[in-house]
Every structure is written in C-alpha cells, then in structure tokens.
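Student: Starting from the given sequences, assemble the full structure and let the hints guide the process.
For reference, the chains in residue letters:
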Amino acid sequence: MSEFELLRNITIGQYLPTGSYLHRMDARAKIVATLLLVGAVSFTPTLAGNAVLIVVCLGIVALGRIPMTYALRGLLPALPLLVILAVMQLLFFGRAYDPSSPVVFHWGWIVVTAAVLRLVIISAARFVELLFVTSVFTLTTTTTELTHGIESLLRPLRRFRVPGHELALVVTIAIRFVPTLALEAERLMKAQASRGGGIGGGRWQFVERTRQMLPILVPLFTFALRRGEELIVAMEARAYTGGAGRTTYAVLRGSAADWLVPVAALAFLVAMLRAPFPV
Amino acid sequence: MTAGPFPGGDRPAGCAGRAIIEVTGLWHTYMAGTPFEQTALRGVSMDVRAGEVVGILGRTGSGKSTLIQYLNGLMRPVRGRVVVDGHDLANPRTDLRTVRQRVGLVFQDPETQMFEPLVGDDVAYGPRQLRLPAEEIRARVRWAMDAVGLPFERFKDRYTFSLSGGEMRKAALAGVLAIRPRVLVLDEPTSGLDPGARAELRRRIQDLRDREGLTLVLVSHDMEEVARLSDRLYVLQDGAVAAAGPTREVFGDAARLAAVGLLPPEPVQIVQRLRALGMAVRPDALTVEEAADAVAALLDG
Chain A
1027 MSEFELLRNI TIGQYLPTGS YLHRMDARAK IVATLLLVGA VSFTPTLAGN
1077 AVLIVVCLGI VALGRIPMTY ALRGLLPALP LLVILAVMQL LFFGRAYDPS
1127 SPVVFHWGWI VVTAAVLRLV IISAARFVEL LFVTSVFTLT TTTTELTHGI
1177 ESLLRPLRRF RVPGHELALV VTIAIRFVPT LALEAERLMK AQASRGGGIG
1227 GGRWQFVERT RQMLPILVPL FTFALRRGEE LIVAMEARAY TGGAGRTTYA
1277 VLRGSAADWL VPVAALAFLV AMLRAPFPV
Chain H
521 MTAGPFPGGD RPAGCAGRAI IEVTGLWHTY MAGTPFEQTA LRGVSMDVRA
571 GEVVGILGRT GSGKSTLIQY LNGLMRPVRG RVVVDGHDLA NPRTDLRTVR
621 QRVGLVFQDP ETQMFEPLVG DDVAYGPRQL RLPAEEIRAR VRWAMDAVGL
671 PFERFKDRYT FSLSGGEMRK AALAGVLAIR PRVLVLDEPT SGLDPGARAE
721 LRRRIQDLRD REGLTLVLVS HDMEEVARLS DRLYVLQDGA VAAAGPTREV
771 FGDAARLAAV GLLPPEPVQI VQRLRALGMA VRPDALTVEE AADAVAALLD
821 G
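Chains as they are written, first to last, in my numbering: chain A, 1027 to 1305; chain H, 521 to 821.
If you're looking for bench data, these hints aren't it; they were derived computationally from the structure. Heads up, the beta-carbon is just placed ideally off N, CA and C, and yes, glycines get one too.
Which residues of chain H face chain A? A partial, calculated answer using Cβ under 7 angstroms:
#, residue
1, T554
2, P555
3, F627
4, Q633
5, F635
6, G646
7, Q649
8, L650
9, V696
10, I699
Rough simulated footprint, nothing fancy, chain A against chain H, three-plus residues with beta-carbon under 8 angstroms:
#, segment
11, 588-594
12, 618-624
Here are the simulated distance ranges between beta carbons:
#, chain 1, residue 1, chain 2, residue 2, range
13, A, Y1041, H, T580, 19 to 25 angstroms
14, A, L1207, H, N611, 29 to 35 angstroms
15, A, T1170, H, G553, 27 to 33 angstroms
16, A, P1205, H, P715, 34 to 40 angstroms
17, H, G581, A, T1044, 21 to 27 angstroms
18, H, D615, A, L1257, 38 to 44 angstroms
19, A, T1170, H, L783, 35 to 41 angstroms
20, A, W1135, H, R599, 48 to 54 angstroms
21, H, T580, A, A1074, 54 to 60 angstroms
Tutor: So this is what it looks like as structure tokens:
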C-alpha cells in the first residue's frame, strides 16, 4: 500500500500481453477500427445509444482478455475530472441549454433541467467509453506495431509531403515516455516527502495540491529535457537519418480477415448514427 | 572519532543503544492486484539501533531500495511490521510526517530533486515545509550546510546549477539533514562521483555519526565503502535476508558471500588468499590500511 504508486492507475500506454485475437490483429486494421469506434462514441447523442456503446466497450475489453478490474482501475485517475465536469454542467448550464426542457430541480439560482441532466450522463458515459477504447488499443498494441501501423497508413499521403515516418516516431516517443515520466514523478514525490515536503493534501484540495506540485514539476521538466537530449544523441550515434530507405525488423502482416474488423466498426458507426434511439 | 586502531566495524554491535527501527517479517508486492505484480520483499526482518551504522548489501533487484522506503514511512506495511521510534507504521493513526522527520531518506542521485535556483533556498525547503520560525530555519540550514562541508556564508547564495557534482550531492544531502532526522538512510551516497569527491563525502558521512550522533543506514554496491563505514551488515537476496551480522563476520565468510553473488572488499580477498596459501595473516582485516598492517606484521614475523 502506498500513496505514491502512480503507475498502478495508469493503463494508457501500457502493453498487456494476453495473446488475445486483438493482440494478433494487424495494427493498421486495429488503428482504423479504433478511430471508427472513437467516431461512434463522439457522435452518439442519445442515452440508449451510449448504453449500447458501454456494452460494446465491455465486450471489447473481454475480447482483449483484459482483466475487468484492471480496465476499471484506469478510470480512477479520471474520476476527479469527471466529477468537476458534472458539477460545472449542473451548476452553470441552467436554462441556457435547451430552454424548453422541463425543470427537475430548482434552488436559488441553481436550475437543473432534464436536458442538462441528460447531457451530464452522456458526457460522463462518453468519457468512460473513450478511455475504454483507447486503453484497450494501447494494452493490445506494442509501440513498434503502433509506429509501423501509423507509418504504413500515412504512406499514401507522402506525395502530399506528409511526413508519415516522423509523425509516427513522435507518437511512439510520446507514448513511450508516459510510464517513464510517471516513474520519475513517483521517485521525486517520494524524495521531496523524505525531506519534509507535504505531498498530499486531500484528494480534493486542488489549490494546495497544485502549489505543492512545484518541487515535483521543476525537476521533472529538467529530467524530461535531459532524457530527450540523451535520446537524440543515442539516435544520432546509431546513424538515424529519418524514414527514407529504412527497412523494418518487425513486418506487419495481417490476414485479409483482419480488415473485416474495421469494416464491422464502420458498419457499427453507421448503425449508431442511423439508429432511431428513442431517448 | 571512535577509539581503537581501526575505523568502523570495531564497536561490538551489542554496545549500540536501543532499537530505533524494527522491521519484522516484511513482505512487499509491487503493482498488487494488476497483471504486472511482482514480489520485492519476502519476509525481511532487521533492526537498527541508536548510534550504529547499518550497511545493507545486495545485488540489483534484491529489494534494498524497496526496504529502505519502509524505514521512513514512504510505504505502509500490508504484511509484516515496521516500528520506527515507537510508531507502528501499520497503524492508520500513525502520522507518517512525524516518522519522515525522525528518519531522513536520501535517494540515489539526490541532486536531481533540487528545484530552487539558490542553494540556501533548496536546503531550506524541508524546514519551511515544517513551518518553523525564520531564525530556526536559518539556523538549521546553516548547521546542515556546515555539516556536509558547504560553508553556509559562501554557498547559500550560489546558483544550484553552478555547483560541481560533488557539491551538488552534498547540498542535496544537506536538504535532508535540515529536517534534523535522528536516523539518516543513504542509498548509494557516493555513486557517480569522482574519487576525490567520493573520499570527501565518505569522511563527511563518518563525521555525521561520530560528531552529530546520527544513526546511519547505508545502502551501497561499494564493498570497500560499506566495510569502512558499517558496524553491522544485512545482505539481501531475492527479497530476503541472506546473511546478517557484524561487518567483519559477514565479510569473513567468503563462501556465504559468494553464494549470494557478492565478493568481499579487495583487502579482505587478498588476506583470504594469503591465508589459503598457508600464511598466518590476521584474518579480520577489512580495509586497505588494516590489510597492510596485517601483512607488515607477518613480514616482521
């Protein structure tokens, strides 16, 4: 038990090898399917639609053979944000959002209409669904597969001077640094606590917590810059010159059947947009 | 300074005071409840008595760094018991901040945790967090900086990044000392320093025990350093205590050390080899000086 174990609650950017079908799938097909699902989540404005999406998300988690408790743990860090978002919406939307909607709660200047209530539930559900979809994607895809996938998908755009390889590299490095930075932040929190720093404050005391972050953030930035520079030197020392003429060690090979998954995702997206959900 | 011809290791462990830290049957699992879980400590028991220097040895991944995070209450035990100066860490009512003030922990490469532009301000971070009066903060910073060998007047207004590697390490050490702990836990205190700075820092650490009366826990890969500074040793292997006892005893048992993948300090190895060749050298020499004396005594006949 530790108040400092940061990585425990970060599921984004981790890879969890369980050998499921999603792990073996062609990364390019998986990227396309994920984007389509993100689209479905973003454009579904109904309660019933979001209920369907939640069920689908849980199905995807099961398909990836990811332990449900582990997937749910990834939601914990987002919880305060979700609560703040909901409170803001409840307090400040009032009648401004859809004035024709019936009032369900009225106290002083606080007015909550049915439409706002619906909005709160839908935005929270969307958030959770997005986290599920993206977590499952990163938990089942190694960074190498991700890079090659992005690069390969962007290749047709090269004639329009889109630097596909470089973009893919940026994404890879960004994702790769998430656990590294989390570990370093954890180390710094412990180090400052060891010399009297009062890291903590309640979970909800945001101002106090932010003020106390400075002794962590300053060294963390220094660390990130130093690591970045080391990475540059290491890449140049190994004669990295960018994407042109580079062959790859890991070759993406997926079966044609893998492309049925994004087709199914597309069909799902269209169905979600077209479905006449009652609420 | 300690009496007696040899540094470290001479004071029998029994003469140290009462136990200030007691660890009993401690287990630790990282990322418990996730697919990445990993057991780092498997039933470790140890104690640290007031006024002594305890060395912790072990190869990378043996659980040293995990263990020392319990000594100042960075982690609360789930399985096993840790009592620091009468505070049971498992008790939810124990205020961990009190524990962290009693036991200062200096992480490996502590200079990476400095964040204030001026050295004096950075050392003052701890006392300021304790909300002490200004004069008290100043007095503590002065004491801590002088104790590590960075004269207060000369260094307090220097830019942190203008310090040399050795000075920075000392300033970071002063930052922990400034909360005036009774026990100081040092993780690889001299790693990455040049030999001059290393010897100097080692001397300062010895002074902390001898002059300031601090109790020390020392984690190190450097056998020579551990041999010079510690009274007692704990050797960890795979998260369990593989050997424990007075420094001379542990280093004297070459077979046992080899079994956990460690070599005794070079002077000890030389003496052991000479004895293996049938020469009657004193068997308990630990440091270069002692080994030299022992060989000289043999030559003198």
